[in-house]
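Asks: Sequence:
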Amino acid sequence: MSDLAQQFVLCADDFAISEGASRAILNLVDAGRLTAVSAMASAPTWREHAAELKARRGQVAIGLHLDLTSRPFEGRKPPYDLRRLIVSSMTRSVDVNAIADEFERQFSAFESAMGARPDHVDGHHHAHALPQIRVALLKVLARRYGALPPASRPLVRNPADSLFRLWRRGAARRKALMLLGLCAGFGQRVNAAGFPANVGFAGFSSLDAGTPFERELATFLRAPGPRHLVMCHPGVDVAAKRGRDPIAARRNVEYASLMRNPRLLTAMLRVQRSDGDERSAFAKWLAN
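Residue numbers (my numbering): 22 to 309.
Hints are supplied without guarantee of correctness; some may be wrong.
Under the rule of at most 16 Å between Cα atoms (straight-line distance), these lysine to aspartate or glutamate pairs were calculated in the EDC-like manner [unchecked claim]:
id	residue 1	residue 2
1	160	122
2	75	122
3	160	116
4	75	229
5	75	235
6	196	235
Hints were generated in silico from the structure; no laboratory data involved.
Please construct the entire structure, taking both the sequences and the accompanying hints into account.
Replies: Okay, structure coming up:
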């Protein structure tokens with residue numbers, strides 16, 4: 022593993038999407054095996070599990086996992102499935118103001134439960150970085166956090182990476198290249214708006230429960246960017262939810278692997294902060 026990869030951020034997505042996902046993520050935080058958690062503040066179980074996550078804020082970065090296709094819009098059926106959202110964003114037929122209003126609601130739900138700003142912001146299925154959707158996101162970020170000192174502004178996940186690094190890594194190239202095209206220019210737009218972003222992103226997978234996650238994680242750490250972020254999707258005892266969660270079996274595989282992988286204890290960025298620290302959990306990482 023290169024020196025750059027020794028500072029990689031490992032972020033577990035989908036906190037609150039199910040009881041099993043939330044429990045697995047909390048267990049991994051307690052074991053010191055995650056840098057960050059991305060929470061779905063629009064999910065029905067968010068309020069139920071938020072207090073437990075908040076109690077761990079000193080040892081993990083906690084961010085908002087914006088959702089437009091699963092359970093947003095105050096529990097009503099969302100106006101988009103993922104395919105329609107992608108097409109609408111590319112054809113510029115999205116109602117940007119409606120998306121911004123939904124983002125505002127999710128930011129408020131997060132802050133109300135956590136009593137703090139999100140350390141980072143990303144999106145379910147990376148929808149936050151799509152054309153037009155990014156316009157709504159940057160509008161909301163500027164309004165809520167634009168006047169803060171730079172070290173207190175949330176990091177915004179850039180799900181695109183350089184073509185060179187994606188090719189060297191080789192993992193799920195089709196997915197990675199598709200996101201590279203859909204999210205082109207997103208990182209530059211985020212930086213121009215005054216917000217930090219990761220440089221280097223991995224975690225694309227077939228999500229096949231039969232593929233050893235240890236092997237995939239090794240590819241995720243290949244050819245890392247200078248601010249490398251890796252996503253994962255752990256869960257535990259979620260087989261009963263499989264009808265509503267198409268990657269339920271895979272979540273169990275990732276959880277078991279992350280719990281036993283010894284490299285995470287030395288290679289992953291660890292978060293430690295005191296109560297009342299208003300800076301983003303990534304402030305020191307970004308300053309180095």
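Asks: Each of the hints needs a verdict: does it hold here or not?
Replies: Here is how each hint holds up against the structure:
At most 16 Å may separate the alpha-carbon atoms for a hinted pair to count; residue 160 and residue 122 meet this at roughly 10 Å. In summary, the hint linking residue 75 to residue 122 is not supported, as the alpha carbons are separated by about 25 Å, beyond the 16 Å threshold. For the given pair, residue 160 sits about 13 Å from residue 116 by alpha-carbon distance, which is consistent with the 16 Å threshold. Among the hinted pairs, residue 75 with residue 229 is inconsistent with the structure: their alpha-carbon atoms are about 32 Å apart, more than 16 Å.
The suggested pairing of residue 75 with residue 235 is violated, with an alpha-carbon distance near 29 Å, which exceeds 16 Å. Only pairs whose Cα atoms come within 16 Å are accepted, and residue 196 paired with residue 235 is rejected, the gap being roughly 20 Å.
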